[in-house]
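Trainee: Chain by chain, the residues:
Protein chains: 2
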Amino acid sequence: MRTPRFCPQCGGSTLQRGLPPGDTHERLICMGCGYIHYENPKVITGCIIEQEGKYLLCQRAIAPQAGTWVLPAGFMENGETTEQAALREVWEESGVRAEILSPYSIFSVPKINEVYIIFRAIALEITGQYGPETATCRFFAPEDIPWDSIYYPAIRQILERYICERQAGVYGIYVGNDDTGMVHFIH
Amino acid sequence: MRTPRFCPQCGGSTLQRGLPPGDTHERLICMGCGYIHYENPKVITGCIIEQEGKYLLCQRAIAPQAGTWVLPAGFMENGETTEQAALREVWEESGVRAEILSPYSIFSVPKINEVYIIFRAIALEITGQYGPETATCRFFAPEDIPWDSIYYPAIRQILERYICERQAGVYGIYVGNDDTGMVHFIH
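Line by line, the protein sequences are chains G and D.
Last residue of the first sequence: 187 (the UniProt record's numbering), numbering continuous.
Last residue of the second sequence: 187 (the UniProt record's numbering), numbering continuous.
Hints may contain errors.
Below, simulated DSS-like cross-link-like pairs (lysine-lysine); rule was C-alpha separation at most 25 Å, straight line [said to hold, decoys possible]:
id : chain 1 : residue 1 : chain 2 : residue 2
1  : G       : Lys111    : D       : Lys42
2  : D       : Lys54     : D       : Lys111
3  : D       : Lys111    : G       : Lys42
4  : G       : Lys42     : D       : Lys42
5  : G       : Lys54     : G       : Lys111
Everything labelled a hint here was simulated from the structure, so no lab data went into it.
This is chain G alone, in the form it adopts within the complex (with noise of 0.2 Å):
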């Protein structure tokens, strides 16, 4: 959320930053109730579902960057497990029904306070229906793959670096941020 301007709590506008007792990090306080208010990072889930060597992307219809393609992803939601937030976004994004295999990336974006943690899925039926979110969705082998209009950095990265494990029949966990990835071979 934006940062508050007025206190969730009591409505009262002396809002301050300051050290909580016994807190490692500073938070936003209210001078008139107490309310301490937390910020932490969000969880965007999503999957790679391949068919015959093809990846599924969907192309944005809404802004922001309309036209880019992205893994079908999104915000986690309350009351949800990563599992279902997962097929559940892939369900919105692109009308497909999957199934998950297993996880492939928790990757960071520390200065968005974001961490994306994505599965490999099968697709298990392609209904053609998807939300407004999307303009349109469509498998792409990896040298068609339109890298140079894939929205998230970090989506381009993890999608890259899964087509190198693929190609090479060996999968493992993909675990970094930005400015370093690793991928766990999990023995």
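Given chain G, work out where chain D should sit, using these hints.
Mentor: Same frame as chain G, but now just chain D:
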């Protein structure tokens, strides 16, 4: 955060649940300024630190549930990667400087809107100095772990699962929730 009673942007007190245009979930919306309140799950990061077959647990010094035992873990903060957050929590709660080996769990607890991202790690330095949240910390052999005094069910489940795998000599990624947990072995 607790449900707002006042709009954090305009201070108004007329917040109502409704479906914003194009959204798939109901949100709390300010009837005054149009502010939309999004709530998302929080990430808890931490580590399973093993040394000669023993596991590091911390005894809580503070409410809730002072006296219970936990893995060193806590809420991920803005501006961090999951790995940085996990190592910071280990440091604060156990005074151990650790190094991450690999991710171990992506475990959801949807009824309290939390996701536990737990890594395998090794201790590089054990200082014996820890923050005020911890009464003491110790390495436990599996048969000595105070299972009935582990605070969070999710932590108990993740650690139990890990010890089984360690005994089998094969590690996976533990993905699931309170009802169903599944170890994904990545090939």
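Trainee: All the hints need checking, so say for each whether the structure fits it.
Mentor: Here's how the hints hold up against the structure:
1. G/Lys111 / D/Lys42: 17 Å, holds
2. D/Lys54 / D/Lys111: At roughly 31 Å apart (the allowed maximum being 25 Å), D/Lys111 and D/Lys54 break the hint.
3. D/Lys111 / G/Lys42: Roughly 17 Å between the alpha carbons, so the hint for D/Lys111 and G/Lys42 holds.
4. G/Lys42 / D/Lys42: 7 Å, holds
5. G/Lys54 / G/Lys111: The given pair, whose Cα atoms are some 31 Å apart, is violated under the 25 Å limit.
Of the numbered hints given earlier, the model fails hints 2, 5; all others are met.
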